[in-house]
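Novice: All chains should be modelled from the sequences, with the hints used to inform the complete structure.
In order, the protein sequence lines correspond to chains F and C.
Just add 26 to the spot in the first sequence (first one is 1) and you have the numbering used here.
Just add 17 to the spot in the second sequence (first one is 1) and you have the numbering used here.
Read the hints as simulated data drawn from the structure, not as lab findings.
You may find that some hints are simply not true.
What the hints assert, rightly or not - Distance condition first, Cα-Cα at most 27 Å in a straight line; then the derived DSSO-like pairs of lysine-lysine:
#, chain 1, residue 1, chain 2, residue 2
1, F, Lys197, C, Lys30
2, F, Lys212, F, Lys197
3, C, Lys294, F, Lys129
4, F, Lys212, C, Lys301
5, F, Lys123, C, Lys30
6, F, Lys197, F, Lys305
Said to hold, decoys possible - Covered stretches of chain F (in silico footprint by chain C; criterion: 3 or more residues with CB under 8 Å from a CB of chain C, positions within the stretch not fixed):
#, region
7, 101-112
8, 146-159
Remember, predicted model here, so these are calculated numbers, not experimental data.
For every residue, glycine included, the Cβ atom is placed at its ideal position computed from N, Cα and C.
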Amino acid sequence: MKAYERAIQLMLFISAIIAILGVILITYFIINEGYPVIRKVGLWDFLTGQKWAPTQEIYGIYPMIVGSLIVTAGALILGVPIGIGCAVFLAELAKPKIAGIIKPGIELLAGIPSVIYGLYGLVVIVPTIRKVFNNQGFSVLAGSIVLAIMILPTIINVSESAIRSVPLDYKEASLSLGSSHWQSIKNVIVPAARSGIIAGVILGMGRAIGETMAVIMIVGNSPIMPKSILSPVRTLTGNIGIEMGYASGEHQQALFATGIVLFVFIMLLNITANLIPKKVGE
Amino acid sequence: MTESGITSSSVNKIRKNEKIAFAFLWASAIITVLVLIAIVGNVLLNGVGHLSIEFLTREPENMGKDGGIFSIIITTIYLALFSLIIAAPIGICAAIFLTEYAKEGPAIKIIRFGTESLAGIPSIIFGLFGYVFFVVFLKFRYSMVSGGLTLTLMILPTIIRTAEEAIKMVPMSYREGSLALGATKWQTIYKVVLPAATSGILTGVILGIGRVVGETAAVIYTAGSSLGLPNSIWRPGRTMSVHLYILASEGLSKGNMYATATVLIITVLIINFTANKLIKQFMKA
Numbered sequence: 027m028k029a030y031e032r033a034i035q036l037m038l039f040i041s042a043i044i045a046i047l048g049v050i051l052i053t054y055f056i057i058n059e060g061y062p063v064i065r066k067v068g069l070w071d072f073l074t075g076q077k078w079a080p081t082q083e084i085y086g087i088y089p090m091i092v093g094s095l096i097v098t099a100g101a102l103i104l105g106v107p108i109g110i111g112c113a114v115f116l117a118e119l120a121k122p123k124i125a126g127i128i129k130p131g132i133e134l135l136a137g138i139p140s141v142i143y144g145l146y147g148l149v150v151i152v153p154t155i156r157k158v159f160n161n162q163g164f165s166v167l168a169g170s171i172v173l174a175i176m177i178l179p180t181i182i183n184v185s186e187s188a189i190r191s192v193p194l195d196y197k198e199a200s201l202s203l204g205s206s207h208w209q210s211i212k213n214v215i216v217p218a219a220r221s222g223i224i225a226g227v228i229l230g231m232g233r234a235i236g237e238t239m240a241v242i243m244i245v246g247n248s249p250i251m252p253k254s255i256l257s258p259v260r261t262l263t264g265n266i267g268i269e270m271g272y273a274s275g276e277h278q279q280a281l282f283a284t285g286i287v288l289f290v291f292i293m294l295l296n297i298t299a300n301l302i303p304k305k306v307g308e
Numbered sequence: 018m019t020e021s022g023i024t025s026s027s028v029n030k031i032r033k034n035e036k037i038a039f040a041f042l043w044a045s046a047i048i049t050v051l052v053l054i055a056i057v058g059n060v061l062l063n064g065v066g067h068l069s070i071e072f073l074t075r076e077p078e079n080m081g082k083d084g085g086i087f088s089i090i091i092t093t094i095y096l097a098l099f100s101l102i103i104a105a106p107i108g109i110c111a112a113i114f115l116t117e118y119a120k121e122g123p124a125i126k127i128i129r130f131g132t133e134s135l136a137g138i139p140s141i142i143f144g145l146f147g148y149v150f151f152v153v154f155l156k157f158r159y160s161m162v163s164g165g166l167t168l169t170l171m172i173l174p175t176i177i178r179t180a181e182e183a184i185k186m187v188p189m190s191y192r193e194g195s196l197a198l199g200a201t202k203w204q205t206i207y208k209v210v211l212p213a214a215t216s217g218i219l220t221g222v223i224l225g226i227g228r229v230v231g232e233t234a235a236v237i238y239t240a241g242s243s244l245g246l247p248n249s250i251w252r253p254g255r256t257m258s259v260h261l262y263i264l265a266s267e268g269l270s271k272g273n274m275y276a277t278a279t280v281l282i283i284t285v286l287i288i289n290f291t292a293n294k295l296i297k298q299f300m301k302a
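Specialist: Following this line, the structure appears as structure tokens:
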């Protein structure tokens, strides 16, 4: 019986380390495939090169790095206030009945596939931008709007649980000193939940930088520096997604090299979010 | 507040600020819900008219421009089952290890870090990895196996986390009762803890299905995008999300595009509804 229990424990342990093995394998294979191009071009030139022309063997991803950052920044500007607002609403204002309608809605928003978001961007947001600004419509702005929607669930869920973890004493003490409900929220509750809210925003940022399909469908994908928020743009993920279908040889390795840069960005964001305590007292 | 202390005008100002702030909070929540309604509504309104039994049961023709999506639905189910059959046991076992066996320490920290990292990796990176590892390195080609194994890794964190939460919710007294009756640790887990946590664990599995059904980037470079029924696990195939992506980006057929999107949205709605039901059932028990 003892041996049997030990065997089971071993099987459970092996299952538990498969996730970490997966991360190691992913890291190794992406780096192994992409590194030759980075070595050939030089890391600095690869990161700061303005020109991406695979047919001439010129690989510079600076426009895509800027593209990813600018689309993400736009998504945060639009999504963070609404996300935090909605989280505060759910934790402080909403009656259970109203929260009971909104919460499943947010779960659904998180469950909608990225192609559906891309489709909505393609048939509604891009044409609207085209009409209003009289341009091609595929733009940084279109990408930022769609990504802002896509990161809402992450920001709302993490922020709401951070706000809910603020001890009731804080709020009661503030109210009993004569503060209004809003003053208590603004000066006591939100500051106490600050680190959890920041973690939520960072996780949302990771999701925005990593999103591929929805972005490809609506940002135009020209590998040049965007001049304004109405210009078309290509992101790091878009660079991979657009060309993976036909690239081969060194060109394909250059896409893996783009993947390395994306991977490093995401890992830094995730590690930062993980280091931040998400609930009060954690 | 002003130095003159509480005056009626400063109280009015506080009231006014509160009104404005609360209006913003209400607006945030309403915008969130409206956006959801707009997206789901747009797809359903444009798509339901194109839906028919024929669309669901006929094969795609002219690269999906005409005909239905029969083999695409089958491929999607195929791929979801394949990845679940592998991911569910591994995920549940990992969760049991983390909750019932592991002692807090560096080992468990590393395992948790691995799970968290895996959850944060974007799907395009999974796509790259699946392509270079399963398709090329292991020579599995574009196939259900390559796609299924890539998706297994992707949904593992969801299943582990949900199962962990569910197992943790089982009261300690259940375990103590079983152990006191002379059951071994594994017997206790297998016969007492797991049955009590079933509906919670199933929630994670169902959310995993949702991710497989909605995934595009990781699937298109591993399972491929060729039409037709995969008649073995070594054959490529096209899932609903991939089909929708191709129809939308190539502008092939508006009708079939919306109809596919509608089937996809309805699938996601059913999955979410089921997961919510299960959570409620679990919370009650």
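Novice: Please go over all the hints and tell whether each is borne out by the structure.
Specialist: Comparing the hints with the structure gives:
no., hint, verdict
1, F:Lys197 to C:Lys30, "21 Å, holds"
2, F:Lys212 to F:Lys197, "11 Å, holds"
3, C:Lys294 to F:Lys129, "14 Å, holds"
4, F:Lys212 to C:Lys301, "35 Å, violated"
5, F:Lys123 to C:Lys30, "31 Å, violated"
6, F:Lys197 to F:Lys305, "16 Å, holds"
7, 101-112, "holds (count 6)"
8, 146-159, "holds (count 4)"
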